[in-house]
Amino acid sequence: MSRPTAISTRRYFPAVLGLGSFAAFVLLVELLVFADVFNRFIIPPPSDVLAAFPRVIMDEHVLSRFVLTAGEALAASVLVTIFGVAGGVLLYQFNLLRRATETWVAAIAAAPLVLMYPLYLVIFGRNATTIVMMGFTAGLAPIILKTLEGLAGTRRVLINVGRSFNLTRSQQFWKILFPAALPTIFVGMRLGLIFALINIVGVEYLINFGGLGQLINELAERYDLAGTYAAICFVILVSIIVFMLTERLERWLRPAG
Amino acid sequence: MAETGRLSVATRGTGWIREHPVTVLRIFIIVTVLLVWEGLAQSGLLYRDVVPSLGKIGASLIQLLTVPDLPWRVDIPWLGIATDIRVPSLYWHLYATFYEIVLGMLIGGVSGLAVGILLGGSKLMQRAYEPFLYYLGPCPKIIFFPVMIMWFGVGPGSKVAMGAISCFFPVALNVAGGMREIDKVLIRVGRSFRANTWQMVTKIYMPAMRHPIINGMRLGLGVCLIGALLAETKLSNRGVGFLVIQAYTLFDMPLMYSLLIVLFVISIGANALIGRLGGLDTIKRS
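Residue numbers (the numbering used here), protein chains in the order written: chain H, 1 to 257; chain A, 258 to 543.
Note that these hints are calculated values from the structure, not bench results. We treat Cβ as the ideally placed atom computed from N, Cα and C, and that holds for glycine. Treat the hints with caution; some may be incorrect.
[Unchecked claim] Chain A side only, calculated, beta carbon under 7 angstroms to chain H, not exhaustive: (1) 279; (2) 395; (3) 400; (4) 410; (5) 482.
Construct the complete structure from the given sequences, taking the supplied hints into account.
The following block contains the structure:
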């Protein structure tokens, strides 16, 4: 009777410790602000931030902003998936092209592409297209590389099975290569989505246009401190939820064992 | 005789192309892209100056790199040097950005290393606190910039803080992962020699985690650069990020392209350099 209780206590203790430490930290900040150790005009009391949540959600139309940001992220993700997977397949099919450009794609993935946003502002204007294109640009390279990795990592035995069945080039791709590479491709899609989302919220904030990123900028410019902190917490929550969902989906797609 | 000579030169040329198909394809791609670009610039299909001609970009790049347009007082008292020089303003702005990035990397990197060692060294700490880092890591860090402005002001401090926050997460997560990969025998050897915590960190953990640390630093450098430069584009009067947004404000497109070229070359170069210095290219893959 006591053994399962001990096991479950041991199992949940780290999570309780983590959340408890976080709660203790928030409480400490609250006390330090009330004791005037922290300036409340720089760090608002956490209770104020908590109280600002309903106001930010209702008055600042967080839901419609969230839908806008999610729509931009979705558009960027669809573009990234189409062009990224196609790019990866192209590089896999043409080995010479792969040898010539793979290092370039890797270098682009490491470059601070988000700094091109002023250029996109000039080309597309201050609108959602700039934000979507920025997300697309940022997410493209990882998905190309992961698609290539997935296709190139297909087990030799599977390819030989396809050959022994005299599969055509197209059948070989759709029945052997693509299903085998799908888990890795999904890792790339997840990376691409995360990169796109980071850049979308970032550019929204920088150009003061769009959904959740703009909300933070507007609240900060109004010097609504509690609101700014609440909006930041909201964006963090949204990105954590997106991250967890994609992680679950990836685990579900990955073959067992 | 002449015919034979011509033939051998032609054969040699074809032979070189056959031997170096990758180089040939690369040159072909670059030339095609440049030709398409120049064609677009000359055609007037896009808005004027959005795609400036290669000549204009080249001239702007040369001017950016070579024309000394900024007076700069060099004052190094301990060397007895105090003189006024003129330099291209790019270098002064690069210096400002470099300062922010180095300081950001130092603060974010060292704190990330310490937290990574703490989390990687204890199962309880890892399970209690690593999920916070794991889930906060992919959040867009630029959203913290308004807070950083309030805490550290509009000067370089807030950009350093942005760089440090951005750099902290990849370093901490990589080091924590690296700690768990250390061969247990090495740790037992350290303990059997009764090494204290500092000796364990400097003599066992750090050398054994060289690759994860360098990898984290490499990732950290990329995001630190982005964090600091984006902050400069938002609110600053110095740094390369400021130059980029100023070029946008003045609609000086050749300058903007030149700055982006300089930035991409520097960031890709720095990334490759850290990888090479850390010996990432020597890792044996199983």
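Earlier hints that do not hold, by number: Structure breaks hint 4 only.
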